[in-house]
Structure formats: structure tokens, C-alpha cells
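The numbering of the sequence shown is the UniProt record's numbering, which starts it at 1 and goes up by one.
Rather than coming from a laboratory, the hints here were simulated on the basis of the structure. Just so we're clear, the structure is a prediction, and the values are computed from it rather than from any experiment. Check before you lean on any hint, since a few could be wrong.
Think about it this way: if two alpha-carbon atoms lie no more than 25 Å apart in a straight line, the pair counts; the simulated SDA-like pairs of lysine to any residue are [claimed, not checked]: (1) LYS73 <-> VAL214; (2) LYS73 <-> TRP291; (3) LYS73 <-> PRO234; (4) LYS73 <-> ILE224; (5) LYS73 <-> ALA227; (6) LYS73 <-> LEU233; (7) LYS73 <-> ARG139; (8) LYS73 <-> GLY141; (9) LYS73 <-> ASP293; (10) LYS73 <-> LEU340; (11) LYS73 <-> MET289; (12) LYS73 <-> GLY294; (13) LYS73 <-> PRO140; (14) LYS73 <-> GLN148; (15) LYS73 <-> SER221; (16) LYS73 <-> GLN235; (17) LYS73 <-> ALA21; (18) LYS73 <-> PRO222; (19) LYS73 <-> SER145; (20) LYS73 <-> PRO346; (21) LYS73 <-> ALA344; (22) LYS73 <-> PRO146; (23) LYS73 <-> SER138; (24) LYS73 <-> SER345; (25) LYS73 <-> GLY299; (26) LYS73 <-> ASP226.
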Amino acid sequence: MATLILTWGRDLPPPLVIISALFLAGAVLAAVHHAEVVAHRVGEPFGSLVLAVAVTIIEVALIVTLMISGGEKAQALARDTVFAAVMITCNGILGLSLLVGALRRRVAVFNPEGTGGALAAVATIAALSLVLPSFTTSRPGPQFSPAQLGFAAVASLGLYLLFVLVQTRRHRDYFLPITTAGKVIDAEEHLEPPSTRAAQVSLGLLLVALIAVVGLAKGVSPAIEDAVAGAGLPQAVVGVVIALLVLLPETIAAVRAAARDRIQTSLNLALGSAMASIGLTIPAIAIAMIWLDGPLLLGLGGTQMVLLALTVAVGTLTVVPGRANVLQGGIHLGLLAVFLFLAASP
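Turn these sequences into a full structure, and let the hints guide you.
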């Protein structure tokens, strides 16, 4: 926090950028630790929601901050960041989790009912928020009219809240880890949950860590934008970098869960983050547009639509059987590599 206070609102020289980046990495790791403590206390699937919402708060704060200061260059930042988050979660985190689980047990086992429903929700709100703007005719370019944006925001938020209701209340067992025999694991084995006081302390420290991440990332972001421009890379790469940064806690937590044979927890984190990234970010950005000037470009281009459609199709084939091996994990990681390459070289 001291570093955040000292660097807030200042143009940082390269040495301070490096120092801030190191503290930023430390804040991210701290957020992961405290989120896992809280998650262990509340149990699955509530624990996955804690980290997903926390990460989305970081994402929204960074997007709004950069849109305020970015001018015309930031008109497509929300789209680029949200799409990057979907590709990273649905291909990167999901693929890495399946790969780790399959390498450990040869076959990664999960619940197809819960995972399939989550993927369907992600596909629906992704198409509603990121594909439809490219085909509507009320406004020129890939953007919604104010009424359309308001409807998309309400619909996205409504679908996300419905998903949370199903995940935490009506069909909670669909989102709990299972054994290779199909038995539901309703609690962590051999691990005592932290006390209520310890969980409350971790919740407070989690909020502090999130504030530090947002503030330090704000200080580092101009250097990121300058580096992207200096390297001759497209502006969309800034959105990819932001998504990679804010999803680092999710990635670490998901891999740790997969290493403990909690593949369902890993998939809850991956798809829950994708849901939160769209279902919470789009409404927040829609509200912010009341005060922000300029258009909000949300519609994807042709290449991005192909990648999104391919991700949904491959993801469907992956989750339907309820088990996966290294092949499925490798395919999803390959799709992530294609996305990253085309983001840098469209």
C-alpha cells in the first residue's frame, strides 16, 4: 500500500515501473492466498464465486480507468479485454486445468451437467454482448444504441445472477468436485477449514490486495501502452495484457485445484470467471458510459468471431462426456496460442 500511495497519479520512470510491477505481482499472489482462505471457509461452489467476483472488480476498475484517460484509442478496450478474458478462461485456464488433472490421473473427471450449463451461459452472453453489435443497424459500426446497450447489460446481468442461483442453491451438487467413480466430494479431505475470524481477516486483506492491484496496475498501465505502441503491436494487445494480468489469480488457483484432483473446482473458476467477466463487466461499462464520452465499440471482427465459435464448439465436445485427457487440454491450449498470435499479428 505504501508503494501505491507513493506512485499514485505520477508518471513513473522505468526503475519505478519495474518496482511497481514486482509489488503488483506480490499483490496478485496475496489476493490469491486470501481468496483461497475465504473460499475454503465458505466451501464450493461459493469459493469459486469469491475469486471470480474479485477478479472482475479488478478488470472493471482497470477498463474504466484506461477508458477515462485513453481517448479514442480506448473505445474498443472493453471489447478487447472481455473477449481476451473469455478466450483465456475458456481455453487457457480450462485447458491447463485439464492438462494438469490428466497428467496426474490420466483422465480428468468433472460433472458435465454443471460444466455444460456454465459453458452454455458463457456462449449466450458472449454472443449477445460481443457478436450482435456487429450486426445491429441502429448505429454505424460495431456498437449498440443506448437502448440496445441497456438491454444487453440487463440481460447479461440477469443471466449471470440466474447462473449464480443455480450454482449455489438449486443445483449446487452439479458444481461440486467428483471422484473417478462419480462420487461427489462435498468437502476438502484432511483439511480443517479456517476459523471464522481467520476468514474475516483474509476477507479484509483480500480487499486491501485488490485495491493495491488496481492502483499499481493503473500506475504500470501507461508503460504497458507505450511498450505495445513502441513494439508496433495492435492496440488490442493492451486488452490482452490486462486480461492476462487480472486472471493470474484465477489461473494459479485453478491449477492448484487441479493438482489436488478438484477438476470441477478448476472448471468452476474458469467458466465462472468468463461469466463474471461479461455478465458484470458489460453492465458496469454500460453505466460508466453515462459519464464517458465517445462510442463504445463492442462488436467483434470476423477473425474473433471464428475463434469464439470454435472455442464454444470445442468446449462443448470437451464437457459433454464429463471426462477429458491430455488431448482435450492440449487442444484448448492450442486455441489460446492461436488467439494470442492473431492478437499480435491480425
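Going through the hints against the structure:
1. A C-alpha spacing of about 20 Å is found between LYS73 and VAL214, which places the hinted pair at or below 25 Å, so the restraint holds.
2. Of the supplied pair hints, the one linking LYS73 and TRP291 holds, its CA atoms being roughly 17 Å apart against a limit of 25 Å.
3. Restraint check for LYS73 and PRO234: the C-alpha separation of about 11 Å stays at or below 25 Å, so the hint holds.
4. Between the alpha carbons of LYS73 and ILE224 the distance comes to roughly 14 Å, so the proposed pair stays at or under 25 Å and holds.
5. With a CA separation close to 15 Å, the supplied pair LYS73 and ALA227 stays within the 25 Å bound.
6. Of the pairs offered as hints, the one joining LYS73 and LEU233 holds, with about 13 Å between alpha carbons and a cut-off of 25 Å not exceeded.
7. For the suggested pair LYS73 and ARG139, the alpha carbons sit about 19 Å apart, so the restraint of at most 25 Å is met.
8. At roughly 15 Å between alpha-carbon atoms, LYS73 and GLY141 fall within 25 Å of each other, so this suggested pair holds.
9. The suggested pairing of LYS73 with ASP293 holds, with an alpha-carbon distance near 12 Å, which does not exceed 25 Å.
10. With a C-alpha separation of about 20 Å, the suggested pair LYS73 and LEU340 falls inside the 25 Å cut-off, and the hint holds.
11. At roughly 15 Å between alpha-carbon atoms, LYS73 and MET289 fall within 25 Å of each other, so this suggested pair holds.
12. Restraint check for LYS73 and GLY294: the C-alpha separation of about 11 Å stays at or below 25 Å, so the hint holds.
13. Between LYS73 and PRO140 the alpha-carbon distance is near 18 Å, which keeps this suggested pair within the 25 Å criterion.
14. Restraint check: the Cα-Cα separation between LYS73 and GLN148 comes to about 23 Å, which is no more than 25 Å; the hinted pair holds.
15. Between the alpha carbons of LYS73 and SER221 the distance comes to roughly 14 Å, so the proposed pair stays at or under 25 Å and holds.
16. For the hint pairing LYS73 with GLN235, the CA-to-CA distance comes to about 7 Å; that is within 25 Å, so the pair holds.
17. Using a Cα cut-off of 25 Å, the hinted pair LYS73 and ALA21 holds, with the two alpha carbons roughly 23 Å apart.
18. Proximity of LYS73 to PRO222 is assessed by CA-CA distance (about 13 Å); at most 25 Å being required, the pair is judged to hold.
19. A hinted pair counts as satisfied when its Cα atoms are at most 25 Å apart, and LYS73 with SER145 qualifies at roughly 20 Å.
20. For the given pair, LYS73 sits about 17 Å from PRO346 by alpha-carbon distance, which is consistent with the 25 Å threshold.
21. Proposed proximity of LYS73 and ALA344 is supported: the alpha carbons are some 16 Å apart, at most 25 Å.
22. Between LYS73 and PRO146, the direct Cα distance comes to roughly 21 Å. Compliance with the 25 Å bound is thereby established for this hinted pair.
23. Only pairs whose Cα atoms come within 25 Å are accepted, and LYS73 paired with SER138 is accepted, the gap being roughly 23 Å.
24. For the hint pairing LYS73 with SER345, the CA-to-CA distance comes to about 18 Å; that is within 25 Å, so the pair holds.
25. For the suggested pair LYS73 and GLY299, the alpha carbons sit about 16 Å apart, so the restraint of at most 25 Å is met.
26. Proposed proximity of LYS73 and ASP226 is supported: the alpha carbons are some 12 Å apart, at most 25 Å.
The structure shown violates none of the earlier numbered hints.
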